[in-house]
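For the sequence shown, this note's numbering begins at 25 and goes up steadily by one.
Hints were generated in silico from the structure; no laboratory data involved. Among the hints, erroneous ones may be present.
Only pairs whose alpha carbons sit at most 30 Å apart, straight line, appear in this in silico BS3-like list of lysine-lysine [what the hints assert, rightly or not]:
{"no.": "1", "residue 1": "K315", "residue 2": "K227"}
{"no.": "2", "residue 1": "K424", "residue 2": "K503"}
{"no.": "3", "residue 1": "K431", "residue 2": "K503"}
Keep in mind the model is a prediction, meaning the values are calculated, not measured.
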Amino acid sequence: RTQFVHTKIQLTFCPGHNCSRGPRPPVPLAVCSASDDSADHHSSSSARVMLSVPSRRPGKRPAPPGPEGGDGGGEADWISGLPDDLLHLVLVRLDCAREAARTSILARRWRRLWARLPEYTFWDMEPEEVETALVQVTRSSLDDLDIDLVLRPGSALDGASSLLRAAARLSSETVTISLYRLVEEDAAIELPCFDRTSCLILKLRRVPLAPPPPLSGEFSRLETLQLATGSNIFPGLLPSCPRLRVLVIHAYRELEEVTIHSATLEELAVQSLEAFSGIPRIDIDTPELKKSNLNVNMDLEFSLTFSAPKVEELVWTLGCLPGNVGLAELRLNDLNYSLRQGVRTLRLDIDYTYETLVPDRSFAEEIARLRVTDFSVLELFIKKIGHAFGPLMLDLLQIKPAIQRLKVVIERGEVEGEEGAEEESCPQNCPCRQPINWKSQTISLPDLEEVLISYDFEGGDDEEVDFLKLLFRCAPGLKSMHVGVRDMVYKKICSICKENPRVKCEVSHCYRRPGKWPAPPDPKGGDGDGDGEDRISGLPDDLLHLVLVRLDCTREAARTSILARRWRGLWTRLPEYTFFWDMEPEVVETALAQVTRSSLDDLYIDVVLKPESALDRASWLLRAAARLSLQHRAAAVMLPFFNRTTSLILNIEGMPIAVPPTGEFSRLESLELATSSNIFPALLHRCPCMRVLRINARRELEEVTVHSETLEELDVEGVQLLNDIRKIDINTPELKKMKFDVEMGLEFSVTVSAPKVEEVDWEFVSEHENIGLAIVRLFVLEYSLSQGVNTLRLTIDCMSDSGVPNRSFAEEIARLRVSDFSVFELTVETNGHAFGPLLLHLLQIQPAIQRLMVDLRQGKEEEFCTHNCTCRQPVNWENENISLADLEEVLISYNLEGEDEEVGFLKLLFRCAPGLKGAELDPVLGTHTDGVLDNLVTVAH
């Protein structure tokens, strides 16, 4: 029996035998087991029992016999003749040490071969099993060892300790160990010494760790350590790592302190793995450190001590969880400090809070406490939500007056609990407005040379202008100013800039925020003040059109008209136009009316419509777009006619669509429509050239009617969950390809007339649990036609708490008109219930099938039904007779622990399918199925 613990049964019957001429002759059987060096292959045998890994369900059908018709019985074993190095490579590619070990049963050549591999991977195994396998490894040194396990309650810590020691005994260049413990325990395990490992990766969740004892040895070759832990073992560990250069720490919630003192470390990264968990203290003393990356959340009393005199690159992101740092009601969210290419940058993300308590520290006090005052670039991102920002900016600039570059982005922000609500100004006595005379204050900014500002909100009381005046007054060395503003203060900002001609100013609308600093000056010394020749304006129109199209925004392209007479009106002759979501529909319509080009290549419109005028405005906008001659279009509800468009993509959310009574899409060949309206009966007969139609059904679309004389490709997809479609009606005489992926309503029906169809791919999901037999319910029905083969695939689940089904499987298949299939594939989750009567019922639906694939799974909730359960009716199902005259191939996977139903079903197939040529069985064996396997082998004989 032990020879067949892991067995894959492949049965191949002699074709052409006519059972009507007498009883079927016994089928000779050749059996290969672990004790056989070679099997006795009978020349007349037509079936084989082959040993292989059972845990993989068969993904493909049995390969056809070779071109010479041999069964492989007399061929040489070329693979076993390969040298050890190549066989090691084959086993390593299995990516699983357990699978590699199982090859020992193939032949004497393969025995113990797995114990000499250069790499091992263990996953989803018990620690004791892994430890036993590691003891059997005979190779003197390894390249890689990877272990990924879940520790069960009970002896979790003892098993983890023993496993780590076993792994440390191997000379592996790289070691990766991931341990996850299901329950918390206070006791810690000691980290053994990996004295011959250069790269060590440990991921220990809920596994407290202690450093190795002082006299236990050194990590003498360790250069890279990556540790995910909740234990601060670094003071005791790092002195034992004389060659450590790279340290990566992933901090779990339990890690309250990180202490890094190392004389050799060159790269350090510390990252919090869990949200809303802060680290109270980080202490770093690394004289040779070159790169440092911190991404952590600060606790209430967070402190950071950092000594790294040779550091060349810093990237710190410190999240302020408690909201205890700020000014008035504006609080610090994130503090980012970086050093790149010798430039130190401080970035503060500041948000309005409804917190009424006085902050513990100001921005200046926090920056000084964290010792990040040495910066030349200051970047401020502020969400103000109706509050004043001028006094805050004054306070922040006083922290470090010696900055050279300043970037400020001020956004509107969202009102708490009222997404999209209008912003209201705070009262005049609000603390955010103190000091009131901030705009007349004077601070010294002698080194400030570049300023980049984005006012991404609707201005109210000219704070934008006053802050700009303060910068011009207090920064005598200012060289360049880039400002993005909304329309309300655009002219005032331009006027202020003109009053300061010493500064090179650029003002734009801030719907697109400046993403980068201005490019450095030309190395030849040109200052771009207009003294040189305007070579760009001398380019031909086609090249200038290309330049404007690359702006990717029609509004920006139109604004180039102010540059010179050469540029006036140039934007109205572009081949492509793009309108962003922040433009009003009226502005888009006005711009479209000015387009003078006879035909366009592309038009992209993405707008948000106000509820009170959405339908009227959408209709006007679509008509304005339709007047243009387009080759490709995407627009976002009388639908106008795009009579010169060949490809149209419409994504219209939340609005019904209607088609005018007259007109035609005379050139339209491809239409992709996301809609909740069944406009297709009125639309398609107006599309004489339509070949491709893709429908993305929104929740409200209950019926799809497609009648077209020209359509060749159709795709209908339900894009939202619980989007039930009640009816699909297709009449397309020229259709070649058809794809459905929808959820069926309670009374779902499909009618298809497509005599020329060559490829079908249907997937119907049933969420209503109204189709089935007894306690078994249909979950997914898939029907396909590919290369002339019709396949029906059913996914079925057992539900003991379900009511009486509305229809049986046979009734549903007949109602959907998918009964014409030659390949039948079944996936059944039994949940402890009987499956034999169900399979008998399903096979009676279409006895003329040629191929059968059955995948039996235990399911997540095992119930083990009683003997009088309805799933066992009829009781005498094993003795029933059905005619399966055309059945030639069977592929069955048993992934369950049960009784002898597997054997009974196999006997039924052998008895009822006289033309059966091949059967492949894959039993995934458990603790109660040894006898079932013996019976399967007996049936095979």
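Taking the hints in turn, this is what the structure says about them:
This hinted pair checks out: K315 and K227 have alpha carbons roughly 23 Å apart, not beyond 30 Å. Distance hint between K424 and K503 is fulfilled; the C-alpha atoms sit about 19 Å from each other, no more than 30 Å. At roughly 14 Å between alpha-carbon atoms, K431 and K503 fall within 30 Å of each other, so this suggested pair holds.
The structure meets every hint from the earlier list without exception.
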